[in-house]
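Using the sequences and the hints given, assemble the complete structure.
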Amino acid sequence: MKSYLIVILVGLLMGFADRLVMLRNDYRHYPTYPHGHLTHLTMGFIAAGLGAMVVAAITKPDYVAVTFLVLAAQQFRDIRNMERESLGKLDEYKLVERGNDYIEGIAKVFEARNYLCMITALISSAVTQIWSWPLGVVIGLVCILISLKLMAGRQLGEIIDVTRGKVYFNGSLLMVDDVVIMNVGLPATREKILAEGLGIILHPKDDDARMSLDNIGQRMAILYDVVSILGSKIEINETELHPMARKHPDKGYLALFIVPNEPDIESLIEIVKKVPLLESAQGIGLSSLAGRKAAD
Numbered sequence: 274m275k276s277y278l279i280v281i282l283v284g285l286l287m288g289f290a291d292r293l294v295m296l297r298n299d300y301r302h303y304p305t306y307p308h309g310h311l312t313h314l315t316m317g318f319i320a321a322g323l324g325a326m327v328v329a330a331i332t333k334p335d336y337v338a339v340t341f342l343v344l345a346a347q348q349f350r351d352i353r354n355m356e357r358e359s360l361g362k363l364d365e366y367k368l369v370e371r372g373n374d375y376i377e378g379i380a381k382v383f384e385a386r387n388y389l390c391m392i393t394a395l396i397s398s399a400v401t402q403i404w405s406w407p408l409g410v411v412i413g414l415v416c417i418l419i420s421l422k423l424m425a426g427r428q429l430g431e432i433i434d435v436t437r438g439k440v441y442f443n444g445s446l447l448m449v450d451d452v453v454i455m456n457v458g459l460p461a462t463r464e465k466i467l468a469e470g471l472g473i474i475l476h477p478k479d480d481d482a483r484m485s486l487d488n489i490g491q492r493m494a495i496l497y498d499v500v501s502i503l504g505s506k507i508e509i510n511e512t513e514l515h516p517m518a519r520k521h522p523d524k525g526y527l528a529l530f531i532v533p534n535e536p537d538i539e540s541l542i543e544i545v546k547k548v549p550l551l552e553s554a555q556g557i558g559l560s561s562l563a564g565r566k567a568a569d
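Using the working numbering, read the sequence shown as starting at 274 and increasing by one per residue.
In case anyone wonders, no lab produced these hints; they're calculated from the structure.
The reader is advised that the hints may include incorrect statements.
[As the list claims (entries may be wrong)] The calculated label-pair distances, taken between Cβ atoms and stated as ranges, are:
id: 1; residue 1: 430; residue 2: 385; range: 21 to 29 Å
id: 2; residue 1: 511; residue 2: 354; range: 43 to 51 Å
id: 3; residue 1: 343; residue 2: 520; range: 41 to 49 Å
id: 4; residue 1: 428; residue 2: 312; range: 26 to 34 Å
id: 5; residue 1: 511; residue 2: 427; range: 32 to 40 Å
id: 6; residue 1: 335; residue 2: 555; range: 17 to 25 Å
id: 7; residue 1: 512; residue 2: 443; range: 13 to 21 Å
Each residue gets a CB set at the ideal place from its N, CA and C atoms; glycine is no exception.
See the structure below:
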């Protein structure tokens, strides 16, 4: 029988490496500060340790010890609650909010990463116990690659086409192509918008994509990502420069308007394409029988 120490170490290292690789730090992800990194890496280490010790506990055998996985599941659910509360409080002080749907998606992802970390550790330690530690390391690396694939998620660019829109005024109404954005009363603000404003049109590729663009949470996620990178010239209580996304009620496409700090239309289009497609906004109406008939 192989040493339990080697079995546990291989599982622990592979599981922790999985969590380390899945740790993200950019404008869309949290954490962005050292204390956040420490918190999530520590929980990842614990998850890896739990997964690695399952095989040793079963082999001994000590089946009662496996019941601590139930406690681990409860702790990981608490991680989701912690992220939801933290991001929700931070969102209250942002000029452009993430929105509850975006926050809930991030919280679920953090919970899922710990489960993947634990599963990677369990599989690596099991392979080490049955065969050898080099094979356990190889299988662990394969699990890490699978984890990255599972956590990649879908992007908005998969379901929409994005084109540049013309920003102009029809009287006092701000327009992007043929979509009404808002009413702007001050002449000085109109001049600023015409000089610095950018507009794009988001065309859904099918009715499911159209449903996703109808989702308010998805629109908030789009605006948040755009402002996070390009910036915005809005100020508190100055709604006329606030970025907005409005739908053409008949044609179903979405018009987005922003007065950014970095007026780069190509970057704006690329950012929108890379916005995560939120789980709560994914339309699946066409997959139903009634949806297929309606689309014909």
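Cβ distance range 17 to 25 Å for residue 335 and residue 555, holds or violated:
Between residue 335 and residue 555, where Cβ atoms are some 43 Å apart, the hint is violated.
State, for the Cβ atoms of residue 511 and residue 354, whether the hinted interval 43 to 51 Å holds or is violated.
With a Cβ separation near 35 Å, residue 511 and residue 354 fall outside 43 to 51 Å, so the hint is violated.
Confirm or reject the claim that residue 343 and residue 520 have a C-beta distance inside 41 to 49 Å.
About 45 Å separates the Cβ atoms of residue 343 and residue 520, which means 41 to 49 Å holds.
Would you say the C-beta atoms of residue 430 and residue 385 sit inside 21 to 29 Å of each other?
For residue 430 and residue 385 the Cβ distance comes to about 23 Å; the hint holds.
Verdict for residue 512, residue 443 (Cβ pair) under range 13 to 21 Å
19 Å, holds
Taking the CB of residue 428 and the CB of residue 312, does the distance hold inside 26 to 34 Å?
27 Å, holds
Using the Cβ atoms, figure out if residue 511 sits within 32 to 40 Å of residue 427.
34 Å, holds
Checked against the numbered hints given earlier, this structure breaks hints 2, 6; the rest are met.
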